[in-house]
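Position chain L against the provided structure of chain X, taking the given hints into account.
There are 2 protein chains.
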Amino acid sequence: MVDRITSENDFLVLVDRCFDLTTPHQLSLRGDDCAELAMPEAICLSSDLFLEDVHFRTAYFSFYEIGHKALAVNLSDLAAAGAVPLGFNMNLILPAPTPRSAVEQLLRGMSELAAAHNLPLTGGDLSQGQKLGLCISIWGKQAGRKFLRRGGCRPGDTLFIAADSRPLPLGLARAGLYSLESLGRGNALSLAPDACKRHLLPNPLIRAGIAIAKLAPETALMDLSDGLARDLPRLLGYNHAGLSLNKRTHSPEHAPAVSLGAEIALTDCALHPELLAWCRRSGLNPVEQAVLGGEDYLLLGSTDKPELLKTIEAEADGFYCLVIGKVNDSGMIMVNGNEFSQTGFDHFSG
Amino acid sequence: MVDRITSENDFLVLVDRCFDLTTPHQLSLRGDDCAELAMPEAICLSSDLFLEDVHFRTAYFSFYEIGHKALAVNLSDLAAAGAVPLGFNMNLILPAPTPRSAVEQLLRGMSELAAAHNLPLTGGDLSQGQKLGLCISIWGKQAGRKFLRRGGCRPGDTLFIAADSRPLPLGLARAGLYSLESLGRGNALSLAPDACKRHLLPNPLIRAGIAIAKLAPETALMDLSDGLARDLPRLLGYNHAGLSLNKRTHSPEHAPAVSLGAEIALTDCALHPELLAWCRRSGLNPVEQAVLGGEDYLLLGSTDKPELLKTIEAEADGFYCLVIGKVNDSGMIMVNGNEFSQTGFDHFSG
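Protein sequences, first through last, are from chains X and L. To convert, take the position in the first sequence, counting from 1, and add 369; that gives this note's numbering. To convert, take the position in the second sequence, counting from 1, and add 369; that gives this note's numbering.
Calculated directly from the structure, the hints in this document are not laboratory data. Just to be clear, a hint being listed does not mean it is correct.
No distinction is drawn between identical chains; accordingly, a pair holds when it is met within one copy or between any pair of copies.
Straight-line distance between alpha carbons at most 20 Å, and here's what the computed EDC-like set of lysine to aspartate or glutamate pairs gives [as the list claims (entries may be wrong)]: (1) 695 - 422; (2) 515 - 410; (3) 583 - 595; (4) 500 - 421; (5) 583 - 676; (6) 695 - 657; (7) 510 - 385; (8) 500 - 422; (9) 510 - 587; (10) 510 - 410; (11) 695 - 587; (12) 674 - 698; (13) 583 - 533; (14) 583 - 682.
Next up, chain X with everything else stripped away, as it sits in the complex:
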């Protein structure tokens, strides 16, 4: 048998093999113009593109990992909202020479992650294209009495990161990416297996988001997709062009009364050994690389009730809330006493 997709129907056979056809959320079966879905009063919804040579490379990603990560980065957006995932649509752009077995591996990587979250595939689209690409839309319901959002931080609030392992894996996916790019999959996996896994198979922190939404619904929360240095200003209510988000959204209740800043404290020994080893080999500063980060898919929160963090940790096994600093009114991000911008320490003193 030739290892290729012979028709759209052939593709649908693979989809049906990997994803259940019926779930309580779906009022109809896949295969019509639209999916019919039962809905709660309010949902949160997110869409993300995951494209070859922009977000991943087939040189060091397996197809299983591509399928997993495409869904994982979308689930991470729901985790940031403190939401319980309800369903997703998958749109797949497939180059003509893609082997059928590779497509099956991609669907397998996606369906195993979906099954771990009881998440039905409700529909989507398939098209040929020059490069592999995925576009996923995902939605969920409130775990607590509201969805969590960015903004609303005040001076004195405690900044924390929810993570699924210790030591703090901040910057670890960055170390994985650079190792994979420079060394190739085999060598990078031997030298830095945890770092590579962070980049290839991120673990969306759904349970952490749900616990925070239930126990501390006033927390400002977002997921770290672009690195702490770029995402922290967004949590504080500033977008990456330096404009106040409230100017963009006309939302006076979220307008910071003062020019917010933050003081972050991080030591090398709080960071993952593989990040430290990569920085040693490359002549880089570990704290700077951890703060620059990128694709961490940890949760970054701000709360005025830091005493709740222990309760939140106890709610769900397997994740940790690590305090990294405090919000202040300085209008600057300081890391270990030095000013930090989106490109690193501005006055870097070693």
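This is chain L only, laid out in the frame that chain X set:
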């Protein structure tokens, strides 16, 4: 000023200029990880890819038309479900050299169609890529007491097409596509303006779908995206590989009790003059080309209450329900007494 997108924020400025920030459907403003949306008890949801050199060519599409059509083909899926559109997410893949003014035209084409349907843009994603591409997810609520679907047809049912103009524009978008491909935009638009407009700026039949859902909720309905020859077997409950849809979906209530077929009657004089002229120039049979069609974005329905079609037409100005034939138990599609397959007349007798 250089005519290019300088940052993600620059793109968001264009988006905000074209699409309203606040609508009743949205519980939060754009700009967070997820959109928060108010929802009815049931929605229908659809996603479609719209990709350069697969679904459109920049050689003869303006950017305004690309933005319009990307949304229109998704709206057509909601029309087929008899749904009232509620909102959509847009994911855009943008080649680096795309001029800023072109992006603005694309957004303008999309936002004008969205505004015509009171449809808010709730979120999405932006990424670089080699070729221009869009992925839209769209959802809507019931206009009547249920959503319309394919299947459930019985011998004796009347087959009709809901269209927005007379004569029946079936196959007209096909004539437009082939004219644009062979003659280029300027010549094709001079020679066959209606046909080109059908391909470049399709009009989704939302009001027709809503009227059918309200007045004839037992109608089987779908939109004609792949042409009558490929879509009619799907309406009857057979997918394009010839497998019974109910085998795929395990839905016994929709299983045809007999092997359904259809008898279609179409004459040249029922078809658009530009289709007739194109067929004359190209030595093609107009009825065959109309049935092969493709990207018609008309609605194909089957009902056992054909007397309702006049009432439906009266409900909303500007569209027509044209009877094209009857469902039977022959297991074959016959057009004017000749067997018709997905490639045209099997025994074509001129």
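Checklist entry - Hints broken by the structure, by number, lowest first? => result 1, 3, 7
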